[in-house]
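One line per chain: the protein sequences are Z and B, in this order. Residue 191 in numbering that gives the first Met the number 0 sits at position 192 of the first sequence; the count goes up by one each step and never skips. Residue 381 in numbering that gives the first Met the number 0 sits at position 382 of the second sequence; the count goes up by one each step and never skips.
One or more of the hints may lead you astray.
[Said to hold, decoys possible] Partial list, derived from the structure: chain Z residues whose beta carbon lies under 8 Å from chain B:
# : residue
1 : Arg49
2 : Val50
3 : Ile72
4 : Lys73
5 : Gly74
6 : Asp76
7 : Asp81
No lab work stands behind these hints, which were simulated from the structure alone. Where a beta carbon is used, it is the ideal one built from N, C-alpha and C, also for glycine.
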Amino acid sequence: MSSVLATYNIKGGVGKTSAAVNLAYLAAREGAPTLLWDLDPQGASTYLFRVRPKIRGGGRKLLRLRSSPDRLIKGTDHPGLDLLPADFSYRHMDLALDSFKHPTRRLARVLAPLRGEYEYIFLDCPPSISLVSESVFEAADALLVPIIPATLSSRTFEQLNEIAEGGAGGLQILAFFSMIEVRKSLHREVMAQLRKAHAVTMLGAAIPSADEVERMGVMRDVVASFAPGSRAALAYQALWWDVRRRLRQRTPPVTTLPSPT
Amino acid sequence: MSTTDYLPPDEMSLDAAGDVLGGYLDVNERGETQLDRTFYDTFDGLLYSAGLSVVHERGRLALVDRVAGVERASAPMSPPTAPLLAMSLERCALRDELLPIVDVRALLPLVHVHSHIRAIDVLDGERKIVVRLTLEQPTVVASSATHVPLRPRVRLAAVRGYDEELDAVRDALQGELGWKAADQPLVDEAVRAAGGIPGGIPSKIDVPLSPDQRADAAAATVLGRLLEVIEANVEGTIADIDSEFLHDFRVSVRRSRSVQRELKGVFPVEELARMRIEFRWLQQITGDSRDLDVYVLEFEAMREIVPASMRTDLDPLLTVLRNRRLIARGEMVRALRSERAAAVRRDWAVLLDQLVQLPTDDRPAATTPIGELAGERIRKVYSRMVKMGSAIDGSSPPEDYHELRKKGKELRYLLELFGAPLYPGEVVKPMIKALKALQDVLGRHQDREVQVAMLRSLRDEVSALPGGPAALMAMGVLVDRLLVDEQAARDEFAARFAVFASKSERQTVRDTFA
Chain Z
0 MSSVLATYNI KGGVGKTSAA VNLAYLAARE GAPTLLWDLD PQGASTYLFR VRPKIRGGGR
60 KLLRLRSSPD RLIKGTDHPG LDLLPADFSY RHMDLALDSF KHPTRRLARV LAPLRGEYEY
120 IFLDCPPSIS LVSESVFEAA DALLVPIIPA TLSSRTFEQL NEIAEGGAGG LQILAFFSMI
180 EVRKSLHREV MAQLRKAHAV TMLGAAIPSA DEVERMGVMR DVVASFAPGS RAALAYQALW
240 WDVRRRLRQR TPPVTTLPSP T
Chain B
0 MSTTDYLPPD EMSLDAAGDV LGGYLDVNER GETQLDRTFY DTFDGLLYSA GLSVVHERGR
60 LALVDRVAGV ERASAPMSPP TAPLLAMSLE RCALRDELLP IVDVRALLPL VHVHSHIRAI
120 DVLDGERKIV VRLTLEQPTV VASSATHVPL RPRVRLAAVR GYDEELDAVR DALQGELGWK
180 AADQPLVDEA VRAAGGIPGG IPSKIDVPLS PDQRADAAAA TVLGRLLEVI EANVEGTIAD
240 IDSEFLHDFR VSVRRSRSVQ RELKGVFPVE ELARMRIEFR WLQQITGDSR DLDVYVLEFE
300 AMREIVPASM RTDLDPLLTV LRNRRLIARG EMVRALRSER AAAVRRDWAV LLDQLVQLPT
360 DDRPAATTPI GELAGERIRK VYSRMVKMGS AIDGSSPPED YHELRKKGKE LRYLLELFGA
420 PLYPGEVVKP MIKALKALQD VLGRHQDREV QVAMLRSLRD EVSALPGGPA ALMAMGVLVD
480 RLLVDEQAAR DEFAARFAVF ASKSERQTVR DTFA
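Chain Z on its own, in the form it takes in the complex (with noise of 0.2 Å):
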């Protein structure tokens, strides 16, 4: 059974791609077949593995079931990751969601012939709150949710649990530290607080700001490729084993008979 994932974060710039392609190449290089699909029109995972941004017949034909997805993928350069491009239409898939009878579950339906060939499907999230996120949310088995330590940090998790409550019940909310400066005593001060009282949803590992992140425009490859030893390329891995371990708790506990009185 396949796991779909999506990074997500109502705001911009907070690691949502890194994360989405770092973890998406972990989770191919131990053997499982993963795809990401880069929902965010700007193209910034698909332009990381080099691949066109560009879907033949666009956005709206992809969501009405008119073109194969599986014609659409394109293999990277790294084994048994495979990516969904972006496409500049993706900027108008609110309107196409809308002209659907049921516009939230439209990518369930779209990802659902690819949930058999795939063990992990990552979704990359564009910044915002729309059909497009709410379609998120309902395709999705998980949200992972980069946060940066700031003041306001708690506002998000408000907004993540009126996600989780709105939701159809079975999404599960993982948030994890993103952009991280120990030296920060305000981050280190916001993360222990915030882990603290958000205990059941914050992962513990964290992503550090880090030159290689930066560096992935440039190279064009995930931290974990081009510098698999580095700061950033270790945290991602921490955040991948935290990440599958939580998944797997979220099997339902079996039913224990009540004990005689």
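Here the structure of chain Z is known, so what remains is to put chain B in place on it, guided by the hints.
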């Protein structure tokens, strides 16, 4: 599946080939490595026939497409050192894919290949990998001292979503560079270089015949091929590599005996009489061993027949059967290694070789056209079966069913060995199908009869073992269920026989094999 392997022009070395590619395409060298591979197949080439191959490389055993090298399934393991049975693999995708193809046949090493590999990626304008190339200089390692170099080859691996780029690389290789699509997969070239035959030694007999051919020449050709199968399976039978060696050996002996009987007029009387005795002996010395192979192989299926609570109670029976099998194997191996067994095969080969040159005084059917002789035999054996079957009713003794089954085997061999190459497929194929359906019921009837007798004969031996009394109870239940199934086979007989011996079928046989 389209070819993915290409061969550079004869004079081009692997290094030169790589350098030339670099001149034509935008490439990135991934480095050079050494690779050791062992290819496997069953003795009769079941994987070859299915367009597949099993290969051990880089610590994994993989089932791959023979031509394109695309992996179907794989599992991590050390190279198998003994014949490998798919059923002995742990449950995994590889086992699931292999088992329906090879069933009880063991995988045997075909050939070891050591390769020097140069990996090159073809890039597009974004410096993205669009095709992966593997340049390979393979060498067959026949023994520690014998290495046979094969032709260098390049393998193209597609990257998903870049089909046009793959076509462009193909065009460049075949057009501008003058490379040729490989005429055979690497595994076949390696097997041939090592002195083997790709596809192994199938037990299927497929000898082309012409209706006007002299009957003795046709018989000698068919029997010569059957003797090849007998010879090929002796060693594997003795070594107990898998149960099919003995099975194929026995089927070929039985088919040979059938031809000896049915076409007796093409052989010199005295020699044939001696050979028939010797072939019957070959059949006898292998009979117990084969029966016990089947009992042990099908034991788990037999266990399923009794209620779940009694299944483990049958363990002492399995112990007895295994012990008996070992004893029977010992006796069979001694007989097969004897001078008598070697002499039969040797003398038979000589007789077949000289058959057409021998005087025809005591061989009245020697020069009869095979089409005529085979047709007459098919018609007669069919008519005999119709007569025997029509006389069978619910009260007939088991021997009547058994005799009909034996005659059915005779007809089946005639149809397969001579009917198929000499007569229209649209008559022979449905006839074999109806015959098989009838034989299945007769076979089931006979098997149950023999199994019940076997179980009754083992009662004392089983009861002497720990757990013996419980085993006897379970065996009693087993006997009851087997007898019920034997009766069911009897009940099904009439319907199957009616199809086989229908009026229209009888007319077709008269018209075709007149």
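query: Minimum Cβ distance from valine 50(Z) to chain B below 8 Å?
result: Holds. Min distance 6 Å.
query: With 8 Å as the cut and Cβ atoms as the points, is aspartate 76(Z) at the interface with chain B?
result: Check passed: Cβ of aspartate 76(Z) comes within 5 Å of chain B, closer than 8 Å.
- request: Go through the hint on arginine 49(Z) and say holds or violated, using the shortest Cβ distance to chain B against 8 Å.
  value: Holds. Min distance 4 Å.
query: When the nearest CB of chain B is found for isoleucine 72(Z), is that gap smaller than 8 Å?
result: Nearest chain B Cβ about 6 Å off; hint holds.
field: Hint check: 8 Å Cβ-Cβ cutoff, lysine 73(Z) to chain B
entry: Hint holds; lysine 73(Z) Cβ to chain B Cβ min 4 Å, cut 8 Å.
- request: Under 8 Å, Cβ to Cβ, is where glycine 74(Z) needs to be relative to chain B, so tell me if that hint holds or is violated.
  value: Holds: closest Cβ of chain B sits about 4 Å from glycine 74(Z), inside 8 Å.
- prompt: Taking the closest Cβ pair, is aspartate 81(Z) under 8 Å from chain B?
  reply: Hint holds; aspartate 81(Z) Cβ to chain B Cβ min 6 Å, cut 8 Å.
Comparing the model with each numbered hint stated earlier shows that all of them hold.
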